Each structure stands twice: as structure tokens, then as C-alpha cells.
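Enquirer: Read off the chains here:
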Amino acid sequence: MKNKFLNIVFILVSVAAIRCDHSTDTVTVIKFWGLGNEGEMVVPLIKEFERRNPTIKVEMQQIPWTAAHEKLLTAYAGESTPDVGQLGNTWLPEFSVLNSLEPLDPFARNSSMVDVNDIFPGVLKTNIIDSVLSGIPWYVDTRVVYYRKDILQRAGYDEFPATWSEVLKASETIQRQAKAKNKICYPFFLPTNEWVPAIALGMQFGGNFLKSKNSQGNFSGEQFTKAFTLLDEFYRKQYSPSGMQLITNLYNAFSDGLIAMYITGPWNIGEFTRRIPAHLQNEWMTAPLPTMDSLSPGTSLPLGTSLVIFKNSKHKEAAWKLIEFLTSVEQSIEFYKITGNLPPRQSAWQDSSLASNTYIKAFYRQLQRVDPLPQIPEWEQIVIRLQIYVEYIATGTMTVDQAVKQFDTEVDVMLEKRRWLVEREN
Amino acid sequence: MKLETQHFTQTIMTTSSRTTAAWIFLSPALAVIGIFFVLPVLAAFTLSFTDFDIYALGNWDYIRFVGFQNYIRIVETPLFWKALKNTFYFVLVGGPLSVAVSLGTALMLNSKLAKFKSLYRTIYFLPVVSSLIAVAIIWRYLYHPAHGILNYLLSQIGIAPIDWLGDPDIAMPAIIIMAVWKNFGYNMLIFIAGLQNIPDDLYEAAHLDGASWWQQFKEITIPMLKPTTVFVVMITIIGYFQLFAEPYVMTQGGPLNSTTSIVLLMYEQGFRWWSMGYAAAIAFVLFAIILFFTVIQMVLQRSVRH
Amino acid sequence: MNKKKTQILLNIGLLMIGLTTLAPVLWMVSASLMSSGEAGTFPPPMLPKLPTFEHYLALTERLNMGRYFLNSFIIAGAVTLISTLLNSMAGFAFAKYHFKGRDKMFNALLAGLVVPAQVTMLPLFLMLKTMGFVNTYVGAIIPGMASIFGIFLIRQFVMAIPDSLIEAARIDGGSEFRIYRTVILPLCRPILFTLALFTFMGTWNDFMWPLIIMTDQSNYTLQVGLASLMGEHTLDLELMMAGSVITIIPVLALFLLFQRHYVRGIMVGGVKE
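Residue numbers (this note's numbering), protein chains in the order written: chain A, 1 to 426; chain B, 1 to 306; chain C, 1 to 273.
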């Protein structure tokens, strides 16, 4: 009897609460954490959003990239996450393990603005964790080759080589031609302090970086060993410098012909346009990553950032509205114009501002061919650690076999807990 | 005799009430230290025997008691040894260098021949009170490979530009230079105090005996300054072992982990990757190392006194 | 004879060290007044062509520096007031009362000085989280409310106060608390001031704890705010320098004003044996 009474009271209170929530004269304030530069650049878009949605006010906070990961996790632990957050898409698995992300499928299903089928499929996959849509891509990022057209032409390549064996041949020719002129040239710059080239090469051999439900390292497996051997060849033959001291300024090195090819991301389009001298502006181009054998472009990494709603949020509807707005075709083109960040929606690429940029074509082709990387919280720690092993083989401190074996040992230590969890499930 | 007895009885009578008063005076500070220092230390110790990590943070069922596994893992991790090596590099090179600079400037400032002593003392001390973040901002610029002042000065004397913070072999020396610049003033003041405690007549007597400056320094200054030196070395070592903020703001531990210190490693493991159990174990390994050196210092100090 | 030469060399040496120490600080002030991009030219300019305060304005108007300043001030101020009170009571008790286990306890406390502060951070964070103090002033203030070093400093000083003064007050019938308030505190004024100065500067310059405990930008202290600026505006050199100046100025002013007290603190703490 008493229970029933309480139930009624509860329902009445709830109804009242819902009423309050929907009353239009109150302004909903949502917190939005943006990362780094984007956190600042997005401000005009936020202003526009507030103009269109007078009942929502966005409290914007910039989080520096360098401390972003720590900040977000401490915010989770301290239960002070914002309503909407920008996350690197490789971070989604961690926050999903913490069960701190609101599933977005119900929102996306009923949305007229968000069309997930229009998003590059490889990038969308990184946002689906254990078959739950956990974030909406805000901008996309992948890695392609930037190269000197004139130098490759002189070596006999009018188009960028489509396979890695051709790249090796081209490198040999370029180096020979440079030597004939008594010049130093490292045809393909593969920095020893980056993990991206190693992972990109690994993807050409089929990926499979981890095994047993992502609970064990597979870097000493056949595929990655082949990739590391190829990487090693670039260093052994001096096609790439085996230390970082030689290339102090990438743009000068590129202009001077000290390097002719380099794997990097879209932000460098702007930098190259600005920093490479005028007479060389027609001499650089971008190309999708070469593959191992076929003529289609090789696969690359699906990077970029996504917008998420944190479970703690009390204003999920308003938060979703902001995400809808920022990831829309219209606004992502606007954002591209301000920052150069690439839109996740394929239809946005038809816009003249993107279609007219020749350097961007390689990115468009590449984004059709991106494969998701292992979606586990430990992944970022693993790849950051991989950097050191790239250095080890570049400097000859370790052979490829030693490096992949020792790295696997380290990875297995990092994944110990995961193995236990996988076993527990069985 | 009579007075003493009277005093004695009075003491007995009031001992209990005074003890109560003492505890009342002590309790707030002890409570704060107990709850917010001792307790966390004990908790960290417990934590170091568990595998508290990001999974555990999401679901407390996923905490396991793992015994000494974290400690074993530390020993087996190459990065730990690298961090240990870097930390020792910083302590063993930066420590003596910093003490030497402090002692040198203290001796100079203590000399009767020096002018504007208090002005110099103030100037030398400015970096000590400046915040490390601000100092790091200035020094990151001084070290800038392309338009930093240091490389500009070097170029004036024909030395090629140095990539101070980008070259794995130079990054740690660069951090040491900055740390010495920032810290020497503090120890300098302690040395000055120590020097001023040496009675003047010792020097006067030596002077009358015709002892040279060097002899006076060797026979009087060094022995008399020994307790101060031991103390300075001790606090410097303890402080330098806890190297964190300098690499955190200057290099983030790079390039190639060449400036990753133990505390930075602990911070990264604990707050970046949320392997809190593992990070706690690292903290206690550091504690053991510091304790080891402190005990050595104390033994040395005792031998000095005898 | 040789003395003149020695004197000249010595003073030149002092001057050189002085310049090395001072130059980066002076250049920071100079660069903070340059217009955007000026400091990044090569060779590095020493003085601004046309001094401007635009960066200071930008910091306070656009980048919340005023707010960070206030946060730093509140936190450092609160820590200073509370810890000076608690430390002085405890230091007094350790110096002037005889009770069982006193020396053992004091030595145990001193041993705590060897424990790296970082050891406690992880559990302290989790603890304050359960108490709901993450991202609050209280959370930032709590760990600083008492310090072993502070207790030690006060104890050293109070031990030098003659017992007869305290006895006299007792004979006059003063309660123990009254003795603390009317005898000890006034006599301790110099060292209390020193300790307060130390605490304020130390808390003001503290970086790691506020970095961890403060998650909201509006709660950042100056140090944390500056560090996050550094991540984003690496290229806005002049802006960064202005931020550094704002951060350093208050402690520098305190130091220059009260140098004597500060130096005494180091000496009391340093020459203990």
C-alpha cells in the first residue's frame, strides 16, 4: 500500500521533472571540451550554433593536446566529465571500457542530420566499439605520401610508384643520381621517432598486430616481421636517415632535395604551401600509400577525432544537437575552411573548396582504404612504445628478429590483464 | 636541592594536564599529516601489490591481488632501467655540478674583496623563487634550435647550431644546465650561512702563520664546512632523485625517452595509462633508492661528527 | 700585491654569474613587450622596437589569466594561513612539552621527509574523489594544511626560547593555550612570517597537484593555466613570456620585499646540526 503511494509520488515528480526539462524559457548550458587548437578554432561555429539554438548555451573549454588524455581520465575519475567531448578516435576504447560513453545509435537512428552511411566506412568503424556507436567522427585524418614530383620524374616515375618494391627501386635510382652529383640524398624519410610508418607498413602486409582476441602481441608474427624487415631495408641502404639529427627542419630538407618522400597527414598541406619556396610549389604532390602487389592504393590508418556524449551528462538532447550541428556537411566544410581539417562525410568532399585542392585527392582515395586498428585501451601505449623499437632497428642496436621478439614480450606484459579478462569470459 | 624537589612535584602534578595540552596542540597537524599523507602512503603500498588499472577503475571487480608481480615487472621493463639510468645521470652529474656552483658562488660572495654582496645574492636567488613553468618557457626558447639565443651566441663563435632538446644525447645535459641555473641559489645561501659560522680567528691565526689562500681553504674551510656540505648534498640528492617537472614541461621525457625520469615514468604509468598498481610500485622502488642514499649520507654524517 | 688582481677577477666573476642568472629573466620581460612575431626573428632582438601591452591584455581578457591568478591567490593564501597555524601549534608542542613517545614521533615525522610526494598522489586522488573534493579549492588546499618541514622549522626556533618565560607565564596562572597565544606566538613572529612566506611561494609555484586535482579550466591555477597555454600557443612566444611574467611577479615581489625573512628560514632549516 505504502509502496504504491510512493510509486505514484515518484511518477508525479518525474513527470514534473520532465515538464521542467522541456520548458523553453530556461536555457540549457552544456559543457564542451575541445582539444588543442581546434578547441579555439571552433568558437565561431559554436557562436553560430547558439544563434540557431537560443535555448542552448555552450560552455567551451580548451584542453591542451599534450595533457588531454590525462585530463579526460582524471575528469572521469573525478566525475566531472563535460557533456560533449572531443576524443582522438583511438581513445574511444578506453572510455568505453570505463563505460563512460553514451551509446549514440538511438540518437543517430532518428536524426535527420547525421547520416552514418555517408561517413567514410573505415573511420566510422573506429567509432563502433563492441558494436555500439560511441562517437560521431568530427574530422578525419589519415597518412599519405608527400613527394617531390621533379625528383621522382628524373628517376623515371611520372606517377608515384604504386608498390613498395617500386618505391625501393625509385629510391635506389634517386640515391644513385644524387651521388653522381656529389649530393647527399635520403630518398624516403621514415622518422625514427614515429610509429606511424611502421604501422602503415604493417598494414600493407595485412595488419594482424595482435592475436587471441587482441590479448597477445603478434608483432613477431610473419606479417609484421616482413613489414619491419622492409623498414629495416630503408635504413640499411640509407634510403632513410637512421637518426633524427640530420633532418632538423623537414621543410628545408624537402626543399633542398635532401629528402624526396615522406609519410604524413593533412595538416602538412598548409605547412608545405606556406613553407616551401615559390619556385618549388609546383614540384610537390601527395599520393596514397603504395601497396605490396596490386595496383589499388595501399591501406592506411583511420585517424581523426570524434565527438562523444559522456554518460554523466544531464543534457544529452542538447549535447546531441551540438554534435549534429558540428558534424553536419555544412559545418564540417566550414571547419575545413578554418582549420584544414578534413570532413568525415563523403558528400562534403564535393564542395568546391575541397574538390579544387589537388593535394587533397590523395586523401580522398586513401580514406576509402583505411582499416581499423585494434580497439583496445592498451593500443596507444603499445604504439608509443613501438617507436623505440623503430629506433633500435634504425640504429642497428637490434636485428629485426630481436626487435619484434622483445617488443612482443613487452606487449604481452601490457596485455596481461586483458588476457585474464578474456579467459574469465570463457 | 630544595628548589629542584619543588619543581619536581610541580611537574608531576601538572604532567597529565600538560600532556593533554600538548596533544591538543599536536592533533590538528598530526590529523592532517596522518590522513592526507601517512594513510595515502600506506594505501599506495597496498596498491602496489594489486593490479589496479583502467579496467579496475571501470569495474572494481577487476582488481586482483598480485603479490610482487608489479615489482618483478618493473625489473623486467627496459624502460624502467632507462629511466633509472637517466635519473642517476641527472643526480650524479647535475647534483655535484649544482653543489659545486653553489659552493663556488658562496665562497666568492663570502670573500671580503667582493662588492655589492647583497645585490648579487638577491640576483642569484631570483631563479629559485621563479616558478618552474615560467622558467621552462624561457629556457625552451633559449634552447630553440633555429632562433634561440644560445645557438645565436654559439654561431658568433663559429659553433654549428645544437638541437638542445631534440638530440637524445644533449637533452639531458640541457635539462641539467637549466636545473643548475634554477637551483644553485638555494644551496648557496645555506653555504653562506655555514661559512659565516666559521670563526674568523681561525683564518686570522692561519694568516699569521703565513698560510696561503689555498691552504686556508683546505685546512679550515673544507673541514669546518663539512656538516653543511653533507646536509646540502643530502637534500640535493633527495630533491634531484624526484626529477619530474623539468622534463615534463621541457621534453615530455623525449627524445627517445632520453629524459624520462623515474617520477615521470610513474606519472605516465599512473595518470596517463592508469596502471595505478604498477605506478605505486615504481614509487616505492624510488623510495627505497632514496632511503638507501639517505642512510649512506647519515652514516657519513655520523663519521664526520666523530 | 696580488690582492688587487684577485679582487678584480673576483668581482668580474660575480658580475658574469649575475648576468647569466639575470639575463633570461630580463629577456623574458623584454620579449613580453614585443609585438607578435618580433621575438622569433633572427638574430634575437634584445629590446622591443615599440613596447606593447597587448599580450597582457590578451591574457587577462581572452585567456582567463585573471581567473587563474585569483585561484592561485585563494589557494596559496588559504594554505598559508591554515598551515602556519597548525604547524606552529605542533612545533610548539614538540619543542616545549615532555610526553611519552615525543622524540620517537618526531623522528618518524622527519623520516617522512624522505618519502617522495609523488608516492601519495595516486591514493590521495582516489581518496579525495570519494570525498567529493576533486576539482574543488578544498581538494587543492588539503594536502598543504600541515607540513613536516614547517613543524620542524618552528620546533627549532621555539626550542631556543627559554623555558623560564613559559614557566613565568604558568606561575601567573595562564592556561596552556594562552601561553601559546601570548608568549610563543609573539616571540615566534619572525619565524612564522618566514614560514608563511615559504608556504605561500611554494604553493603558488606548485604545479603537479593542482594539475591533477583541478579538472575544470575555471579552477586552474596560474601554473597549470600557463602550462596549458604552453601546449597551445608555442608559437606565440611574446604571449607566453607575458604569461610567465604575470606568474613570476607576485612571488618575486614578495621575495624582494621580505628577502631577510626568507633567507633566515633557509638558514634556520639548513644549519640544523
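No wet-lab data here; the hints were simulated from the structure. You may find that some hints are simply not true.
As the list claims (entries may be wrong) - Cut-off 25 angstroms, straight-line C-alpha distance, at most; resulting in silico cross-link-like pairs (SDA-like, lysine to any residue):
id: 1; chain 1: A; residue 1: K31; chain 2: C; residue 2: V114
id: 2; chain 1: A; residue 1: K226; chain 2: A; residue 2: G207
id: 3; chain 1: B; residue 1: K82; chain 2: C; residue 2: V114
As the list claims (entries may be wrong) - With beta-carbon atoms standing in for the labels, derived distance ranges:
id: 4; chain 1: A; residue 1: V43; chain 2: B; residue 2: R272; range: 57 to 67 angstroms
id: 5; chain 1: A; residue 1: T399; chain 2: B; residue 2: R272; range: 49 to 59 angstroms
id: 6; chain 1: A; residue 1: V422; chain 2: B; residue 2: P161; range: 50 to 60 angstroms
id: 7; chain 1: B; residue 1: I72; chain 2: A; residue 2: T358; range: 20 to 30 angstroms
id: 8; chain 1: A; residue 1: N357; chain 2: B; residue 2: R272; range: 54 to 64 angstroms
id: 9; chain 1: B; residue 1: I72; chain 2: C; residue 2: M159; range: 45 to 55 angstroms
id: 10; chain 1: C; residue 1: V29; chain 2: A; residue 2: Q402; range: 24 to 34 angstroms
id: 11; chain 1: A; residue 1: K213; chain 2: B; residue 2: R272; range: 44 to 54 angstroms
id: 12; chain 1: B; residue 1: I222; chain 2: C; residue 2: G173; range: 19 to 29 angstroms
id: 13; chain 1: C; residue 1: F73; chain 2: A; residue 2: Q402; range: 17 to 27 angstroms
id: 14; chain 1: C; residue 1: K104; chain 2: A; residue 2: K213; range: 29 to 39 angstroms
The model shown is predicted, which means the values in this text are computed figures rather than measured ones. Every residue gets a Cβ at the ideal spot worked out from N, C-alpha and C, and that includes glycine.
Enquirer: Indicate, hint by hint, whether the structure satisfies it.
Expert: Now for the hints, and whether the structure bears them out:
1. A/K31 / C/V114: Distance of about 42 angstroms is beyond 25 angstroms: violated.
2. A/K226 / A/G207: holds, 11 angstroms
3. B/K82 / C/V114: holds, 23 angstroms
4. A/V43 / B/R272: 57 to 67 angstroms: violated, 28 angstroms
5. A/T399 / B/R272: 49 to 59 angstroms: Violated, since A/T399 and B/R272 (Cβ atoms, about 31 angstroms apart) do not stay within the stated range.
6. A/V422 / B/P161: 50 to 60 angstroms: Once the Cβ atoms are compared, 51 angstroms apart, the range 50 to 60 angstroms for B/P161 and A/V422 holds.
7. B/I72 / A/T358: 20 to 30 angstroms: Because 56 angstroms falls outside the window, the suggested range is violated.
8. A/N357 / B/R272: 54 to 64 angstroms: 36 angstroms Cβ-Cβ, so the 54 to 64 angstroms window is violated.
9. B/I72 / C/M159: 45 to 55 angstroms: The hinted range 45 to 55 angstroms holds for B/I72 and C/M159, with Cβ atoms some 47 angstroms apart.
10. C/V29 / A/Q402: 24 to 34 angstroms: At 53 angstroms between Cβs, range violated.
11. A/K213 / B/R272: 44 to 54 angstroms: violated, 25 angstroms
12. B/I222 / C/G173: 19 to 29 angstroms: Given about 54 angstroms between the Cβ atoms, the range is violated.
13. C/F73 / A/Q402: 17 to 27 angstroms: Because 56 angstroms falls outside the window, the suggested range is violated.
14. C/K104 / A/K213: 29 to 39 angstroms: violated, 55 angstroms
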